[in-house]
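**Q** Respectively, the protein sequence lines represent chains A and B. In terms of the UniProt record's numbering, the first sequence opens at residue 1 and continues consecutively. In terms of the UniProt record's numbering, the second sequence opens at residue 1 and continues consecutively.
Derived from the structure by calculation, the hints contain no laboratory data. Treat each hint with caution, since some may be false.
[Said to hold, decoys possible] Here are the simulated DSBU-like cross-link-like pairs (lysine-lysine), alpha carbons at most 30 Å apart as the crow flies: (1) Lys368/A <-> Lys340/A; (2) Lys362/A <-> Lys93/B; (3) Lys37/B <-> Lys325/A; (4) Lys301/A <-> Lys368/A; (5) Lys17/B <-> Lys37/B; (6) Lys37/B <-> Lys368/A.
[To be verified] Label-pair restraints from in silico Cβ distances: (7) Glu361/A <-> Met99/B: 48 to 56 Å; (8) Arg127/B <-> Glu361/A: 23 to 31 Å; (9) Arg89/B <-> Arg349/A: 28 to 36 Å; (10) Ser310/A <-> Pro151/B: 52 to 60 Å.
Since this is a predicted model, take the numbers as computed values, not measurements. Just so it is clear, CB atoms sit at the ideal spot from N, CA and C, and this is done for glycine as well.
One-letter residues, chain by chain:
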Amino acid sequence: MSTTANLWIVKYKPRRFSEIIGNRTAILEFRTWLEKRLKGADVEKAAFLWGPPGVGKTLTVEVAAIEYNLELIQMNASDARSRERIRRVLGMASQYLSLVGGRRKIILVDEVDGMSGTEDRGGLAAVIELIQQSRFPVVLTANDPWDPRFRPLRELCKMIRYDRIRVPTLVSYLRRICIAEGIVADDAALRIIAQRSDGDVRSAVNDLQAIAQGKKRLMLSDVEWLAYRDRQYGAFDVLKNIFAARTCRAAKAALASSLLDYNMIFQWIHENLPLQYPSPEDLAEAYDALSRADVFLGRTKRTQAWALLSYALDLMTAGVSMVKKGKYKFTKYQFPQRIKILSQTKDIRTTMNSICSAIAEKCHISTKGAVSEYLPYLRFIFRVNPEMAAGIAKWLKLDENMITFLAGSFDRANEIISLMRKRRKST
Amino acid sequence: MPIDATMMLWTEKYRPKTLDEVVNQKEVVERVKQFVKTKNVPHMLFAGPPGTGKTTVALALSRELYGENWRQNVLELNASDERGIQIVRERVKDYARTMPIGDVPFKIIILDEADNMTADAQQALRRTMELYTRTCRFILIANYSSKIIEPIQSRCAIFRFQPLRDEDIAARIRYIAEKEGVDLREDGLKAILYVAEGDLRRAINSLQAAAALGVVDEKAVFRVVGRASPVEIREMLQLALSGNFIKAREKLRELMIAYGLSGVDIVRQIHREVFALKIPEEAKVKLADRIGEINFRMVEGADEEVQLSALLAYFALFGENLRGS
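Extracted from the complex, chain A is given alone in its bound form (with noise of 0.2 Å):
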């Protein structure tokens, strides 16, 4: 996913309100007000719309724009809310149609509640400002509007409440998007990924957009991963903490006085070595000592000498923590994706190896060897010659799965297949 072009989060973002899931309340409530509003009427100068992430405020806003032909005029958390940037980007066009068109415009000022005390100083009182003197609708959106420096705001604004999607109204959603994408999707699976997003359609759609992309057939096994992933949340501080470490006392305090276990971290330090330390050099090094690290926690369990376990757990903190040269680097940690990989190869794994029970009892061979002793060369055949393909899965008995995993498409397993059945006849 290297552009947003291709989330799917985008790609199947709603473009009229009909097409927004769940809130209709809030969402009837804020088009009245925002009829009235363009119409005149002496409603309230703005809304202010809140709720939990991800439930479609900001998304009612952009729908609304386009259902009214209105100009959107935003501001969010990422640019910086001075009192005197609000007043440059939104005063003026609070004040004057659109240039292009003379469109009417709709104000939004996205995620008031992370507008920070110290760097947005007078950020509010600008907002309340603008509110105010605005020709047009203003909207607010917040998580929480319940803090003691919203008051003003919110005695000025229509209040609309957002509520969390329920997971029956999420799952059919989700249902829709894999339609589309071509994914047979088990409901058992869809539920999963909707319950653990808690009524966040975001989480919930980037969720089965990791899990299902590229995939024909979503399975209960695929998710199973996702709630391994949320107990290990607190990862990511610890990682933080160990890779930030000055000394070699704090890198081993960070996972010493982490509640998770040290295998599971040792997973984590694997999978981000390569973001924390880009330069080959750095990287080298780290994994030199995660590398011996991997090799005292084998003799440790090996002899059950769990003294030894001590200097494993040196080289996987301090280890790999001392090797940076000058200050820590911020760095996007990601989910160990081994687990992940294994959870959604299971089926892959599972063909490949009743393939290799088969090999292993005509051939008398191990499973094992026939992995590498016969696999490989099956593999060339399924994928050249047919014929032959056809004859060898008959005296393996293979079954369709196995022949399109060897096949590598599922053209040419229908193809194997069909020969197969063609000779059923003639003999």
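Since the structure of chain A is provided, determine the placement of chain B on it from the hints.
**A** Relative to chain A, chain B alone:
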């Protein structure tokens, strides 16, 4: 080509049924024949490189000893798949204690890939061998006899299988090609011998896969081998050397998980590839040293993915230094 209902893999179709058919291994075969003649077989340990006929001799011996009903008197186990102590205790014991059928006073247990058994399982096996000698004889098969514990070795007649000579493999490959109506060219045969490295199973598999393309010439054989020893390993090394560690590690995971290659398989391939790289000769020695260390750690039971990642990181640094100088 006549349409058969099924097609056996040629390694099985042309596996010798009798001791006389066995390719080379003259000394082993002569001695084993004596056992058949006297209907007295000691415990045996067959040791030697892969694809040299160890399993084949064990099976042919069983056939000649028991005739038609050999399967009733022979238990074939693969220690790599069923290597726990539990298996030795239960399956082997249950089988060993019942009486044989026919006029031979003992049964045979073939324990293939026995060098993959844990030391504990081998100890358990040793006891079983002693207890049931009267009704049961063992044929242990291993690549390395040194991996079999001393007490078992001392109870076995040890047979060392020699790597097959090229002319023996060539004769067998020609024979199979003729039987199967394969158009085998001289350069194709040479290529098969080159990739087989004395391993007849690999030679036959290469022949069959190349025959899937039609004419078996050098080009066909190398196409097969390109697939069989994944080009991905070379790609992975190139990625690491060019400094793209993250992509290289992705490749590594693909090889291990999707292709099912073991870490040891991969490190051996890397070892082979290193000498084909276009880098200074003295550098190759340094890399080999590092690869050896990683291989050793994995044999000792270290985490394969972590160790190989460390190796790739070393390659990445190495590539960087090469470009710098």
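**Q** Confirm or reject each hint.
**A** Hints, verified against the model:
no. : hint                              : in the structure
1   : Lys368/A <-> Lys340/A             : holds (23 Å)
2   : Lys362/A <-> Lys93/B              : holds (24 Å)
3   : Lys37/B <-> Lys325/A              : violated (76 Å)
4   : Lys301/A <-> Lys368/A             : holds (24 Å)
5   : Lys17/B <-> Lys37/B               : holds (17 Å)
6   : Lys37/B <-> Lys368/A              : violated (36 Å)
7   : Glu361/A <-> Met99/B: 48 to 56 Å  : violated (27 Å)
8   : Arg127/B <-> Glu361/A: 23 to 31 Å : holds (29 Å)
9   : Arg89/B <-> Arg349/A: 28 to 36 Å  : holds (29 Å)
10  : Ser310/A <-> Pro151/B: 52 to 60 Å : violated (37 Å)
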